[in-house]
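Assemble the complex: chain L is given as a structure, and chains H and B must be docked to it using the hints.
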Amino acid sequence: MKRGISFTQAFFTLLMRDLKIAVRHRGDIFNPLLFFIIVVTLFPLGIGSEAKILSRIAPGVIWVAALLASMLSLERLFKADYNDGSLEQMLLSPQPLQLLVLAKVLAHWLLTGLPLIIIAPLLAVLLHMEDNAYPALIATLLLGTPVLSLLGAIGVALTVGLRKGGVLLSLLILPLYIPVLIFATGAIEFAASNQPYDGQLAIIAALLVGSLVLAPFAIGASLRVSTN
Amino acid sequence: MQAQFHSLADFFHMGGYGFYVWLSYGVAYASLAILIGVTLTRKGRVLKEIAAKAKREERLAQHRSAKE
Amino acid sequence: MWKWLHPYAEPQRAYRLAGKFVPWLSVIAILMLLTGTIWGMVFSPTDYQQGDSYRIIFVHVPAASMSMMAYVSMAIAAFIGLVWQLKMADWMAASIAPVGAVITFIALVTGSTWGKPMWGTWWVWDARLTSELVLLFLYLGVISLYASFEDKVLAARAAGILSIVGVINIPIIKYSVDWWNSLHQSSIKMTGKTAMPPDMLIPLVINILGFGVMIAALSLIRFRSEVLARNGMRPWVRELALAQGAK
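Protein chains in written order, with full-length UniProt numbering: chain L, 1 to 228; chain H, 1 to 68; chain B, 1 to 247.
In short, the hints are calculated from the structure, not lab data.
Hints are not guaranteed to be accurate.
Computed cross-link-like contacts, DSS-like style, restricted to lysine-lysine with a CA-CA straight-line distance of at most 27 Å [said to hold, decoys possible]:
1. B:K174 <-> H:K53
2. H:K53 <-> H:K43
3. B:K20 <-> H:K43
4. B:K116 <-> B:K20
5. B:K174 <-> B:K116
6. B:K116 <-> H:K43
7. L:K164 <-> B:K152
8. H:K48 <-> B:K20
9. H:K55 <-> H:K43
Residues from chain L shown here face chain B by an in silico Cβ test under 7 Å; the list is partial [claimed, not checked]:
10. P121
11. L126
12. L158
13. L162
14. G166
15. L168
16. L171
17. P175
18. I178
19. I182
20. F183
21. S193
22. A218
23. S222
All C-beta atoms, glycine included, are put in the ideal place defined by N, C-alpha and C.
The shape of chain L in the complex, shown without the other chains:
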């Protein structure tokens, strides 16, 4: 029997498919982004527009908003595929599930993580963030948001078969997000006060590598549970 397409081919086919679907439903890309912007703009309205306070809380606000936006967009990561049965096709395909899952997560990150990183500096300007913290903001978002997508995908895979997964999802995912949040905001605050922050960056990178290796297995196992 022919084994079909190679692993790389399968990976890129799935990646392109997910990107194509997203481009056709543009709302899926823009809604989390809009949510991110709105949440960030709510903080100055709620706390007051004093520049000093805003610049103090800017890293935390941006990161918390990124976290929520990532969670919101993740909810639909496997939903459509689960409903139309293509998820089961993926589970049955000869290619390893971990690889396919990784492709889906990468597509998700390209669609929601990357636009977020591009828009974040603009929002940082609105929040009067310290000038020397910008590189740290970009660096932590670049390293951190893929971790969010990977960890979040575990929770989504666990709840995809449930009808009311939304609230449960946040209970499952947010505790897992805490380390990323802490190290990222720590790095940005170090940068704002002109201290070296490569220690925190290295740890976020380690989290990224760790979750890149381990999360696909957990996601795969969870999907098998959910589609049983």
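Chains H and B in isolation, oriented as in the chain L frame:
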């Protein structure tokens, strides 16, 4: 080894920290009591449910055989 | 080992075996907790720094240390259930979770009421407190994930995956908060263990062990009802249920 408190009032006073000490012990043992209560009655509830289900099925079976 | 373990992997046997352990464990737990608590509350010397408020330690430290232990044992049970498909282990994990959640809650509340007189505030975002809070969230996540699946075999697998991911996360959270805190202010550390006289240490250890035994006893009681609930269709459970209903 000897008791550290001279009177019962002294014991409840806890050297001025009575409120905090008794609050923490109160909450701790109250929540433990709730947990123990729920845990102990759970078996009864589970068995009741199963018994009700078994009886229902029995009734259904009798009804069916009566019809035939 | 599996040959020896196999007969116990039968629900009825496990139910009976657990039933044999429960009375012993309960008695031991009650005795230990009574001894430790009374010793600690009445006979232990007053702390020269913290006064009598330190007596919260006799419930706080046991709860805090055992909440971690309960989580690890839950995750181990979940791991065994996932890898060897042993339903018994799944049910055990599901039985430990609510007990562990309550113990974690106790550790948080007692810590908070201890913090108020000592630090002047109910809550500090210190490494230990934060990781304990996250532990509570993890427990709640496991419990609600287990509860939200209709099919309990699937529920156990899903909750098992989550608890294993959580176990990896706990040390990371602990260290991350340690780092994070070094930014703001040094957290207030508890007095070193080196200074603890035996009259405080012995009741504390008794209570720690007592909490452990109590958790074991409660988990086994829950395990027994879990076995019944999951085997509702088996004849022996039906007999038991009907006999109970006849009373």
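How the hints compare with the structure:
1. B:K174 <-> H:K53: With a Cα-Cα distance of about 47 Å, the restraint between K174 of chain B and K53 of chain H is violated, given a limit of 27 Å.
2. H:K53 <-> H:K43: Satisfied, since the Cα-Cα distance of roughly 15 Å is no more than 27 Å.
3. B:K20 <-> H:K43: holds (16 Å)
4. B:K116 <-> B:K20: violated (43 Å)
5. B:K174 <-> B:K116: holds (22 Å)
6. B:K116 <-> H:K43: Between K116 of chain B and K43 of chain H the Cα gap is close to 39 Å, so the pair fails against 27 Å, i.e. violated.
7. L:K164 <-> B:K152: Given that 27 Å is the threshold and the Cα spacing comes to 17 Å, the pair holds.
8. H:K48 <-> B:K20: Satisfied, since the Cα-Cα distance of roughly 23 Å is no more than 27 Å.
9. H:K55 <-> H:K43: Distance of about 18 Å is within 27 Å: holds.
10. P121: violated (23 Å)
11. L126: With a minimum Cβ separation of about 24 Å from chain B (threshold 7 Å), the hint on L126 of chain L is violated.
12. L158: This hint holds: L158 of chain L lies near chain B, its Cβ roughly 5 Å from the closest one there, short of 7 Å.
13. L162: holds (6 Å)
14. G166: At about 11 Å, which exceeds the 7 Å cut-off, the nearest Cβ of chain B leaves the hint on G166 of chain L violated.
15. L168: Hint on L168 of chain L: holds, closest Cβ of chain B at ~6 Å, below 7 Å.
16. L171: Since chain B brings a Cβ to about 5 Å from L171 of chain L, closer than 7 Å, the hint holds.
17. P175: At about 4 Å, which falls below the 7 Å cut-off, the nearest Cβ of chain B leaves the hint on P175 of chain L intact, so it holds.
18. I178: holds (6 Å)
19. I182: Hint on I182 of chain L: holds, closest Cβ of chain B at ~4 Å, below 7 Å.
20. F183: OK, holds: F183 of chain L within 7 Å of chain B, min 6 Å.
21. S193: violated (9 Å)
22. A218: At about 6 Å, which falls below the 7 Å cut-off, the nearest Cβ of chain B leaves the hint on A218 of chain L intact, so it holds.
23. S222: Result: holds, 5 Å to nearest chain B Cβ.
Of the hints listed earlier, those the structure fails to meet are numbers 1, 4, 6, 10, 11, 14, 21, in rising order.
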